[in-house]
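Residue numbers (my numbering), protein chains in the order written: chain A, 2 to 294; chain B, 3 to 766.
It should be emphasised that the hints constitute simulated quantities derived from the structure, not laboratory data. Where is the CB? At the ideal position from N, CA and C, for every residue including glycine. Certain hints may be false.
[Stated by the list, open to error] Cβ pair distances, simulated, as ranges:
1) A/D262 / B/H164: 52 to 62 Å
2) A/M2 / B/K51: 28 to 38 Å
3) A/L37 / B/K678: 50 to 60 Å
4) A/L244 / B/H752: 24 to 34 Å
5) A/E151 / B/H103: 48 to 58 Å
6) A/Q240 / B/A651: 54 to 64 Å
7) A/K268 / B/R169: 41 to 51 Å
8) B/P137 / A/D262: 43 to 53 Å
9) B/L57 / A/L37: 55 to 65 Å
[Claimed, not checked] In silico contact screen, one side only, chain A against chain B (beta carbon under 8 Å); selected entries:
10) V18
11) A192
12) I195
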Amino acid sequence: MYDMKALYQAKSVEDAVVLRLAHPEAQIIAGGSDVLVQMREGRRAGAELISIQTLDEIRGVSMEDDGTLRIGSLTSFSHITRDPLIQKYIRVLGEAVDQVGGPQIRNIGTIGGNTCNGVTSADSASTLHAWDAIVELTGPQGVRRQPIAEFYIKAGQVDIREGEIQTAILIPRESYENCFGHYIKYAMRNAMDIATLGTSVNVRLSADKKTVERARVAFGVAGPVPLRAAHAEALAAGQPVSLDLADRFARAVKEDINPRDSWRAAKDFRLHIAVESARRAFIESVKLAGGAL
Amino acid sequence: MSKSVGRSVTRVDAREKATGRARYTDDLCGREALVVKICHSTIAHGFVKSIDTALAEAVPGVVKVLTCFEAPDVPFPTAGHPWSTDPSHQDVADRLLLNRHVRYYGDEVAAVIAEDEVAAAQGVRALKVEYEELPFVLDVQEAMADGAPQLHEEYKNNILGHSDVRRGDYEAARREPGLIKVEGWYDTPTVQHCHIENHGCFAYEEAGRMVVVSSTQIPHIVRRVVGQALGMPWGKVRIIKPYIGGGFGNKQDALYEPLCAWCSAQVGGRLVKLECSREETFASNRVRHAIRTHIISYVRPDGTLAARKFESFSNQGAYASHGHGVNAKGMNAFPQLYPCPNVECDSWTVYTNRPAAGAMRGYGIPQAMFAGESHIDDICRAVGMTPLEFRRKNLMPVGYVDGFSKNELYHDTFNQCMDKGIEAIDYLRKYEAYKNQTGPIRRGVGLAVFWYNTAVWPISLESSSCRMVLNQDGSLQFQTGETEIGQGCDTAYSQMVADAVGIPFEHVHVVSTQDTDVTPFGTGAYASRQTYIGGFSIMQTALALRERILNIAHEQTRMPVSNLDLVDGQIVRKSDGRVLKSLGDLATESLYSLEHSQHITAETTAQIKSNAYSFGCSFAEVEVDIPMCKVKLLRMVNVHDCGRLINPALAEAQVHGGMSMAIGYGLSEELKFDEKTGKPLNGNLLDYKLSTFMDHPTLEAAFVENPEPTSPYGTKALGEPPACSGAPAIRNAVLNATGVAIDCCPITPHVFYRKFCEAGLIEE
Chain A
2 MYDMKALYQA KSVEDAVVLR LAHPEAQIIA GGSDVLVQMR EGRRAGAELI SIQTLDEIRG
62 VSMEDDGTLR IGSLTSFSHI TRDPLIQKYI RVLGEAVDQV GGPQIRNIGT IGGNTCNGVT
122 SADSASTLHA WDAIVELTGP QGVRRQPIAE FYIKAGQVDI REGEIQTAIL IPRESYENCF
182 GHYIKYAMRN AMDIATLGTS VNVRLSADKK TVERARVAFG VAGPVPLRAA HAEALAAGQP
242 VSLDLADRFA RAVKEDINPR DSWRAAKDFR LHIAVESARR AFIESVKLAG GAL
Chain B
3 MSKSVGRSVT RVDAREKATG RARYTDDLCG REALVVKICH STIAHGFVKS IDTALAEAVP
63 GVVKVLTCFE APDVPFPTAG HPWSTDPSHQ DVADRLLLNR HVRYYGDEVA AVIAEDEVAA
123 AQGVRALKVE YEELPFVLDV QEAMADGAPQ LHEEYKNNIL GHSDVRRGDY EAARREPGLI
183 KVEGWYDTPT VQHCHIENHG CFAYEEAGRM VVVSSTQIPH IVRRVVGQAL GMPWGKVRII
243 KPYIGGGFGN KQDALYEPLC AWCSAQVGGR LVKLECSREE TFASNRVRHA IRTHIISYVR
303 PDGTLAARKF ESFSNQGAYA SHGHGVNAKG MNAFPQLYPC PNVECDSWTV YTNRPAAGAM
363 RGYGIPQAMF AGESHIDDIC RAVGMTPLEF RRKNLMPVGY VDGFSKNELY HDTFNQCMDK
423 GIEAIDYLRK YEAYKNQTGP IRRGVGLAVF WYNTAVWPIS LESSSCRMVL NQDGSLQFQT
483 GETEIGQGCD TAYSQMVADA VGIPFEHVHV VSTQDTDVTP FGTGAYASRQ TYIGGFSIMQ
543 TALALRERIL NIAHEQTRMP VSNLDLVDGQ IVRKSDGRVL KSLGDLATES LYSLEHSQHI
603 TAETTAQIKS NAYSFGCSFA EVEVDIPMCK VKLLRMVNVH DCGRLINPAL AEAQVHGGMS
663 MAIGYGLSEE LKFDEKTGKP LNGNLLDYKL STFMDHPTLE AAFVENPEPT SPYGTKALGE
723 PPACSGAPAI RNAVLNATGV AIDCCPITPH VFYRKFCEAG LIEE
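Can you make the complete structure from the sequences, with help from the hints?
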C-alpha cells in the first residue's frame, strides 16, 4: 500500500508535458524501481505521480539517418542488453546495464529513470559519459539536446526544466564508430548491488591496431556525479599500445577523480580500486579493439 | 521397520508451497484488521521526556495512539527458552512493551493503531518525541570499563553474565621450557537472520481470551511470555503458528506478539496486526551476537598442547533476550574440541546500546569456530605443521565423554568427515600445489571443523509430546509441539510415524499448524533438536497406538496380541504371515461398533535425558585477486555426521542453506552502526550484503552416517551445524593462498585492502 496523493497517466509525450506544467510538484514515474522504493521509505510519501510508463513512442532502440543511435528513455535494461544495434555498436552499454539489480529490476528499470535519478552509482551513467552521450529532453518549447556531462548538475539533481521529460539518449556516430569498451562494476557482491565504483573505458585504435587514437574513461562513484578522467585520456591519445601505457593511463586517473570517504568505502580504497579497474578495463578494451598486449 | 525413514520422499508441504496455496500469517489475517505501526527511538540511549500525539491523532484513519507513558511497567523476558520453575534459572526479565528509558536506536517508544497501513505510517511520522539524551556505548569492551554508560542498573559494568572453565594449572603449565606461544584476537560481526518472511502477527479477543496468530518458532513459549507481559493467566492466551517463512532463531524469541496483543486489548479486543518491515527486522528484532575472542595457546614443538587460555566478550545489545547462554555455549566447546590438560576460559556477555542479540543458527558456535579454527591454523604456521596433521593429532579422541552433558564421541567422526572432504575437494594435492604462489591471482584451500551438540539437556527441560488420531480408512493425523519452520520436520516426522506405526507414508497426515489450544505441549524449533527430540515422542506414541490397535485387533480377530502385527497398514498374523484385515477395516469397525465403539488415539510425553554430539567440517577453495581485494569461492564442501539420515534430500538442502549462511558470515554480511549516533547504517537488503547465488559456488554436502545410539532413529543435530565451520574454512583458504592471516569476519574487500597493504602485497 503506497502513500500516494494522485496518479496522472500520460497518454503521449505531449500530454506528459501538459501534465508536468499542470502539476509542477508531481514526480515522474516510469519503471518505478526507484520512485516506489522511495515512497515506501517515506521519502516521497504523499507524492503526486505522473506516469509515463505506457508511452511506447519513447521505448526502443533505433538508428537515425545520420547514424546516431537513439535509445528511447523508456527502454528497459533487459531490452538494451538484448538489442542488436546496441550489441553491434555499443555492446559495453548492454553489458553495463545487465549488472543492474536482478532480472526483475532489469525488466522494469529504464535507462531514462537511471539517468534522471542523478546518482553517481547508476550502472548506465559511466558508460554514457565515456561515450559522450547526448540527452534529449522534450518540453513546452520543443526538443532540447544536451551533452550528458552537462545534464548532471550535482548529486541527485539533473537538468530537467519546467514541463520537460527526458525522451531519449543519443550516441552520435563519431562517438561509437570503431570504438570498443569495457565496464567494470566493482561491488561487494556479484548481483543485486550498487557499484562501489563503476569504471567504463573505451578505445579507438589506428588501422594497424598499434596506436591508441582515442581513449576515454569515466567513473561512477568517484565523485558526486559521474565524471571523466581527462588527464588519463590525454596521456593515452596517440600513444603506442603497450602494457606500460595501461599502467600510466591507470595511474593518471587519480589526477581527476575525487571519491569520498564514507561508511560504504574509504577514499584510499576507492582510489586504489579506480586505478586497478582503469588498468584492467583499458587492457580489455584494447584487446576488444584488436590490439595486442 | 524402515520403509520410509532413509528415503528422499517429497516434502509433505512441497505442493502447497510451490503453488502458493500454503497460508502464512498475513494470508490468514482478516481484511478488517487495524494496523499497528511502531514509533522507534531515534537516539541510542536516553529517556523519553514527552510525546506529543495531537497531530498523529488528527490523521484521518488513526484509531489510537499508545505511548510508553501508558504501557504497563511489567518487565518480561523474551528468550525462547523453556520456562524454569526455579527462579534462579529463569530468563532475565528486562523488557517492557514500550520504553521510556530507550537503550538502542530503534527501541519502541509508541504505537499507532490505524485503519490502514498508510494512516498508521502517517501517524507515526506525525508524533513528536522529545528525548533527554544520555551517552551511549557500542563496543563490548568499552561497555565493561568503569565509567561506561550504564544500561540496566542492576548489572554493574553492563555485565549480564560471566562464566568460566578451569582445568589443570594454566599458569604453571605455560612455564614449561621450549613452548611456542601463539596468541590472537578474533572479531565476528553483528549479523541478522534475514529470513524471507519478516516477523508479523495479529491478535484479537475471542470469548474473553486473547488469540495471537504469529510467525514464530515457539508458540507454546510465546503463550507464556504474552501471559507474563500482559499479566494474564496463561490459559487465557492462545497462540496459533501457521506456516512460516524461516526463522533461524530470530523467531525463537517473543518478538512483537506481546505488544500486538496489548494493542488489541487497548481497542476493545478488535483485530489488529503488526508486521515488521525489513528495516525493522534489522534494527529492532534480534541479531547474532558479535563476539570478540582472545586465545593464547602454548604448544610444544611436536604439536601437542601444553596450556590454553580463552576469553570471549559477547555484545549483547540493549536487552537480555537469550543472554549469556550463547557465549557460554561457544566457550564450553573450546576445551572439548581440542582437549588440553591446562585450560583457563572466561566468557562475558555485556549490554551495549545496540539491537538486542538473541538466538541465531549456531548459537555461539559460528563465532567460537571462527576464532578457534582460525587460531588452529595460526598455530600450524607457528609450529610448522599442516592444518590436517595438527587436527588429526589434537582433536577430541574417540571415547571422549563430557562430564556435564554426558555426551560421548562414539565414532571416529572427525577423521571420517575430514577424509571425505579431503577426497571431495582433492585437498592434499591442492594444499601442496598452492603453497608457494606469487603474482596477483592466487588460489588456496582451507579446512575447519566444528563442534556442536543437540538440544539443551541438561541445561533446560527436554521433553516432547505427540498425539496420533486414527481415521476410519486406516490413515492418521499426528501433532507435535515441535514446529515446521521450513527445515522440513513435518516430512521427517511423517516418515518416522509411518515406520513406527507400521502404515504407508501416504497414510500419515501431519497437522502442520500448532495451536496452543489443541496441540500437545512442546517448546518449539531451536537447538537443532526437532528430529532428535521429536523422534522420542513419535516412537513412544506410535508404540502406544500400536498397542491399542493390536488390542482391538485381538477383539476383532480372536487372535492373541502376541501373534499379531501391524505391517504396512495391514493386521497380520505373525505365525503364518496371513493378512487378517486392513487397518482401515479395523478402524471403521471399531468406530461404528454398536457393542464397543472406540475412537483410536494415543498421546504421550517423552522425557529426554540425553544429548548428542553432532560434528563435521568444511573445506573451501578460493581464488584471491590481490590487487582487486577480492576473493572468489571456487568450491565448498561440508561433511556432517548427524547420525542416520531420515531424508537425504532434505538433509542436503539443510546443509546447503547453512553453507550459504556461512559464506555470508565469512565474506560479506555485517550490520554496521554509526559511531556518532548508534544508528544502524545498512539495515536493508541493499546495503547489508547478504550473499546471492552469484556469490556461491555449487554447494556440496556429504555425510558420514554413524547411527546415534541414544536416538530411537539414530539421528542427531543438523539444523545449525551447517552454518558453523564455513567461515573459518574460507579464512584458512585465504591464508593458504596469500600467507595473510585475517583476524576478523566478514573478510570484505575493505579488510583485504587493509591487510594486503600491511603485508606489502599492494602499494598503499
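Status of the hints after comparison with the structure:
At roughly 38 Å, the beta-carbon separation of A/D262 and B/H164 lies outside the given 52 to 62 Å, and the hint is violated. Against the hinted window of 28 to 38 Å, the Cβ-Cβ separation of A/M2 and B/K51 comes to about 33 Å, which satisfies the hint. Checked against the hint of 50 to 60 Å, the C-beta distance between A/L37 and B/K678 comes to roughly 31 Å, which is inconsistent with it. For A/L244 and B/H752, the hinted distance range of 24 to 34 Å is satisfied, since their beta carbons lie about 28 Å from each other.
The given range of 48 to 58 Å is respected by A/E151 and B/H103, whose C-beta atoms sit roughly 54 Å from each other. Checked against the given bound of 54 to 64 Å, the beta carbons of A/Q240 and B/A651, roughly 60 Å apart, stay inside it. Taking the beta carbon of each, A/K268 and B/R169 are about 49 Å apart, inside 41 to 51 Å as hinted. For the hinted restraint 43 to 53 Å between B/P137 and A/D262, the CB-CB distance of approximately 25 Å leaves it violated.
Between B/L57 and A/L37 the C-beta distance comes to about 26 Å, which lies outside the given range of 55 to 65 Å. Against a cut-off of 8 Å between C-beta atoms, the interface hint on A/V18 is violated, since the closest Cβ of chain B lies about 30 Å away. Taken as an interface hint, A/A192 checks out: its beta carbon lies about 4 Å from the nearest beta carbon of chain B, inside 8 Å. Taking 8 Å as the C-beta cut-off, the interface hint given for A/I195 holds, the closest approach to chain B being about 7 Å.
Violation of the numbered hints given earlier is confined to hints 1, 3, 8, 9 and 10; the remaining hints are satisfied by the structure.
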